[in-house]
Structure formats: C-alpha cells, structure tokens
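Throw the hints in and build the complete structure from the sequences for me.
If you're matching them up, the sequences are chains G and X in order. Residue 293 is where the first sequence starts when you use the working numbering, and the numbers rise one by one after that. Residue -16 is where the second sequence starts when you use the working numbering, and the numbers rise one by one after that.
What the hints contain is simulated information worked out from the structure, not anything from laboratory work. Please read all numbers here as calculations on a predicted model, not as lab measurements. The C-beta atom is built at its ideal place from N, Cα and C for all residues, glycine as well. Treat the hints with caution; some may be incorrect.
In silico contact screen, one side only, chain X against chain G (beta carbon under 10 Å); selected entries [said to hold, decoys possible]:
hint: 1; residue: Cys21
hint: 2; residue: Met71
hint: 3; residue: Met90
hint: 4; residue: Asn126
hint: 5; residue: Val304
hint: 6; residue: Leu318
hint: 7; residue: Ala339
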Amino acid sequence: MNINLILNLLKMTVEASTPYLLITIGGVFVARAGVFNISLEGCTEFAAFAGILFGFLSGSILVGVLSAFLVAIALNIVFYLFTVKWNADLTVIGCAVNLLAACIPACLLQALFGTRSNLVATSLIDPMKMKVDVPILRSVPVLNSIFNHQTRITYLTFALVIFLIILMYRTKFGIYVRVTGENIGAAKSVGVKTNRIKLLCLLISAVTCALAGLNLSVEELGIYTINMTANRGFICLSAINCGRKEPHRACVYAVIFGFARALQTILNNYVPVAISSLIGILPYVTIIVALLIVEIPNARKNHLRIFRGA
Amino acid sequence: MKGDTFRRKAVNIGIKFCDIVIPLILAFGVGAIFSLICGCNPFTLYGYIIKRSFLSVGGILNTLGYATPIIITGMATSLSLKAKVFNMGVEGQVFVGAFAAALAGYMITGLPTFLHVTLCLLTAAAAGALYAAIPGVLKARLNVNEVVTTIMLNSIATIVTGFLTQSYLGTGDAYAHTENILQTARLVKLDSKYRCTTAVFIALIIWAFVFFLMKKTKFGYDINCIGKQVEFSDAVGMRVSRKIIWIFVIGGSFGGIAGATEIMGVNYNFVNTFSANPGIGWDGFFACILAGSEPIGVLLYAIVFGALRYGALAAQTGLGVPLDLINIVKSTLVLFMALKLFANHRSAFQDLLTRARKKNKAALTAEGEDVL
Chain G
293 MNINLILNLL
303 KMTVEASTPY
313 LLITIGGVFV
323 ARAGVFNISL
333 EGCTEFAAFA
343 GILFGFLSGS
353 ILVGVLSAFL
363 VAIALNIVFY
373 LFTVKWNADL
383 TVIGCAVNLL
393 AACIPACLLQ
403 ALFGTRSNLV
413 ATSLIDPMKM
423 KVDVPILRSV
433 PVLNSIFNHQ
443 TRITYLTFAL
453 VIFLIILMYR
463 TKFGIYVRVT
473 GENIGAAKSV
483 GVKTNRIKLL
493 CLLISAVTCA
503 LAGLNLSVEE
513 LGIYTINMTA
523 NRGFICLSAI
533 NCGRKEPHRA
543 CVYAVIFGFA
553 RALQTILNNY
563 VPVAISSLIG
573 ILPYVTIIVA
583 LLIVEIPNAR
593 KNHLRIFRGA
Chain X
-16 MKGDTFRRKA
-6 VNIGIKFCDI
4 VIPLILAFGV
14 GAIFSLICGC
24 NPFTLYGYII
34 KRSFLSVGGI
44 LNTLGYATPI
54 IITGMATSLS
64 LKAKVFNMGV
74 EGQVFVGAFA
84 AALAGYMITG
94 LPTFLHVTLC
104 LLTAAAAGAL
114 YAAIPGVLKA
124 RLNVNEVVTT
134 IMLNSIATIV
144 TGFLTQSYLG
154 TGDAYAHTEN
164 ILQTARLVKL
174 DSKYRCTTAV
184 FIALIIWAFV
194 FFLMKKTKFG
204 YDINCIGKQV
214 EFSDAVGMRV
224 SRKIIWIFVI
234 GGSFGGIAGA
244 TEIMGVNYNF
254 VNTFSANPGI
264 GWDGFFACIL
274 AGSEPIGVLL
284 YAIVFGALRY
294 GALAAQTGLG
304 VPLDLINIVK
314 STLVLFMALK
324 LFANHRSAFQ
334 DLLTRARKKN
344 KAALTAEGED
354 VL
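Listed below in structure tokens is the structure:
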C-alpha cells in the first residue's frame, strides 16, 4: 500500500459518498416525519434522466438542471398526494414509482433515440470541466489531493449537510418534523399542520435527490445509462435505518457505504478479471453487516415479550 | 330491512367494481400516451396484445407459460403481504432457486425422469428457503427492516450467480451460461411449439396449497392476525417471530421453485438474464399487490401479467413498440389501484348519497302531508 493509493481511495470515497450523502440527508427528514419513503431510488433515477434528456434536447445544461429539479419535485408531490393525502400504502406506491423509474426512461430512450441503454450527452457536457479547482486547498498537501478537483455539487453537499442538520436540531421546523414522526396525534393536538410538514420534508428530499441524480449523470459522466442509480436509494435507506433516523449518524453511515463503493472500484483494478464481478457485492455485504452490528445491541430490548413491528 | 342489506351489498360491489375499472382505464390511458410517443396507435397496440395472447390456442398456451412462474411468485409474496411483511426478495430467491436447479439438472446423473425432476425442484426450494431465511431471521430476531435487507440480498444473488456462471461453471461460450440440463430433468411442454409446460400444474398445486394454508389452517389465521395487529397477536401468545421466519421460508421455497420451473421448462440452462425487465419475482409481487394478496385475485392478475408479457414481447417484434411500455401500464396500474379511491374515501361519497336520499325523503314526506 503506497500513500498515493490511499489518497486516491479517499478521493474516490468523497466522490462516491456525494450522492449517498445527498439522498440520505433528504431521506432522513422524510423518515423523521414518519413517511417510509422507498421511492428515493426512483426519484434520483428520474432526476438523473431528466437532467441529461432535457439538457440534450435543449442544448443547455441549465435547462437540464432545472427540469431535473422540476421532475423530482413533481414526483414527490404526486407521492405526497397519493400516500399522505389519500392514504395509499407507502411501500406499494414507492414500489410503483421505482418500477416507473425503471421503465419510463427505457421507453422514452427507445422511442426518441432508438437505443434502450444510454444517452450520451458528452457533446454538451464535458465531465472534465465539471471539476472545480479550489485555490485555497492547493497549498494544503493531503487535503488538496482528497478534496480538490471535486464537482460543484460535492462542495454544495458539505454545506447542505451542515445546514440540514442545523435545520433539524436548532429550528422550530425541525422540532415540528420530529414531533410529527414521533407522535402524530400530539403534533396535531398542539396545532402542527402535520400534512404540510410532511409535504415540506418530501420537497427537501426531492431537491436532494435531484442533486444526487444530477451529480451521477450530468456532473460525473455526461451520460445517462439505464439503472444509473443502481440501488443507491435503498442503500441510503439502510444508512438512515442504521443511523436511527438521526441525520449526523446517518451521514456517517452514508460515508461508510461510499467508502465501500470506492473500495470496490479500486479493488477492481487489482484482482483478476474473473473475480472482479464478484467484488460488486462489497457495498451490499457492507450494508447487511452494518445493519447487523447496529441492531444486535437492540435485540435484547426486542426480546421483552413484545415483538415490535416496523 | 331486507332491501337495506341488499342495497348495502350492491353499493359494496359497485365500489369494488369502480376501484378496479377506473384504475384500469387510467393506467391504459397513460399507456396510450406513451404508445403515441412511440409512434403507435394505442388501439392497434392493445388489440394486437389481446389478439396474440388470448385469441388462439397457441397464444393462450404461451400466456399460461409466461403466467406460470408469476402465479408461484405471486403466491409466495401473498403469504408475507398478508402478514404485512414486505418480502421483496422473491426475485433474489428466484435467482438462487434457478441456479440450484440448473446445477442439479446436469450434475446429478443416472436418475429416472420423475425422480430427477422432483430432486431438482426440491433443491431449488431448499436453496430459495435458505436464502429467504436470512432476511427472515434478521427481521424476526433483530427487527431489521426487511425491505432493505431483501433488496440488498437480491443484488447479491444476481451478482453471485452471474459471477459463478461466468467464471467457474460457464461453458466458455460468448455469452455466459451453465451447461444444459439433462433430458431427465426437463419438464415436458404441453405443445412443443409453445411455452407452457407441465410446470403450470405445479403452479396450480402451489396455488391450491397456499389457498388452503391461508383460509383453512391455524397458521393462515395467525398470519392474518399478525398482519392486522402485531402487538395484539404477540400479546395473546402467538409466536410472532417464529411465524415470520416461517413466512419467509415458505415464500422463499416457492420463489426457488418458480425459478426452477423457468430453467427446467424453458431455458434449460442458467443465464443471468433469464428473469429480467422487471423480473418474475417483481411481477409476482405486483400481481399480489393488485389482488390485495387474495389467492383468486393473484391467479387472475398473474394470468393477465403473463398475457401482457407475452403480448408485449410479440408487439416488440410485430409493431416495434418497446417492451417497457407495458411495464409503464403495469406500474401506473399499481399506483392507481393502491389508492382504493372509493373504498378508502367512502365517507365522502356516502355523504353525497345520504344528502341526496334525505332530499328525496323530505320530498316524499312533503307529498304525504299533502295527501293527509
């Protein structure tokens, strides 16, 4: 192990953690407000697709970015209407949204461009130019190679994570969110508009999912491929679960899972080709192990006669 | 009084009917929009699908062939959904079961046909059950969220089986697949030209078994109670965590069998893409959701899904419409069906009704007074 390799690994960790952190921090708000949202996956996928598609069609990155936000927000408003307003089952609607996210991009790509696998927009977007050079970091030796030359959304993510943690624990809105999730009756009785709180949380999550999708498709590659999200939504869901719905803890798990993903990418270069496809299970195994480690100390509490449902 | 109960029944049936028909219209409407985007007249498309999948003997056999694994996975899911446990890992269990059956199909030699087929099915069931036991135990003993674990295990199953076929068990061909299973391990096709095999009878047996289990046994009753009220079931002394493990294990073994029937009846070797877009486990899951995990509904929806799948494949070659279009119809159907607009929001409609009735009554009494 030489030092460059480790630095490279850490740099890739930051890269890989960005979408994880974004989806997680938005999802924490939704989870905290008592909405078990498994459509994070679909929302991110739609945003990634919309960013590239509309950017490609209009010839302007800005249009792509805006439409990604709009699509994600519209999707979560639909989710809000169906589940919170009209009381449909959360998991069922989430599943349906995820399936939609798997087939609508494929269908549209086939209809508009004749391929059902990917849409290359590198003529419009140069992924190399998306990396930002931060002058302050240039003189700091280790941090420079880890944190410099990342994308704009990566830097935005750090700010956003801190902002949202403060929003959760230091503001009235945060208290309302937590009360809504813990005891909706109590929240209602003191006059908190719980539906509106849930809607706001879903909107926060829509924005972060859109950022994550844009980071994946527009910033990193300039290409949209089918199933680009690759279970990131579910990975973030488990990060939220591992972190017991607390934003700072969930973010730590998001970074751990990002590290597993980066490790997988690095290891791919060092193992024989035959095994390299097996390395793909690394993030998933990490998550199951993490869930186990988190839940085992709680198992004793659950054994007190009463089985607690999810 | 009699008229009143009759009217209530009629209203109930009407509500159920509306809740099925209106989502269907909406879903096929959305499908029509996408079909227009793809440059195909929606009526031609839907007509073509119905014609190909239902209006000929071969079409029906193909439809049944596609529906067979969906029936099995649908029933596997319905057990867990009845208990409000979201076992989304049927897809992974299908992969594991199919892989096990493919291995048992060519590695074990020298058995008579019947024994070999049974052995393959049992291997697949055992593999699926073991794989499903992991999230089951995690859920029951440690209360780990089952949605997350099952989906992670799905990815692991796909990657590991793909890896094994590619590197160790492959035949070295351009695309990775295991060796063909022996003649003795194959399920017989009802008609050699079409997809339907004897597996359809296996599916029906499993369907009847789950139906019996859910409706007529204590276990089924317990499952129902757990689904309605976990804490209560636990408090009155049902062994909830043990039941949850059983639900996963039974569902997993069926998932394994579903994968095995695909390998033993249709593919004859394991290819990593045998269940894709969206996969037979997912199709079963959605059929189960649409039917509200009622066995008869699952059977019907599974056949409809089989028809849609076959029709969509036919339409892809015949009309050049992407296969994904039919998935859009499917998922919008789930979306609107989950709403249960009329059943859940009855009070609003009932208010309207009673108001109308009161008006009527008022008018009637007014008339009566006139007569008096």
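Results for each hint:
| no. | hint | in the structure |
| --- | --- | --- |
| 1 | Cys21 | holds (4 Å) |
| 2 | Met71 | holds (8 Å) |
| 3 | Met90 | violated (21 Å) |
| 4 | Asn126 | holds (5 Å) |
| 5 | Val304 | holds (9 Å) |
| 6 | Leu318 | holds (4 Å) |
| 7 | Ala339 | violated (24 Å) |
In summary, the structure is inconsistent with hints 3 and 7 from the numbered list given earlier, while agreeing with the others.
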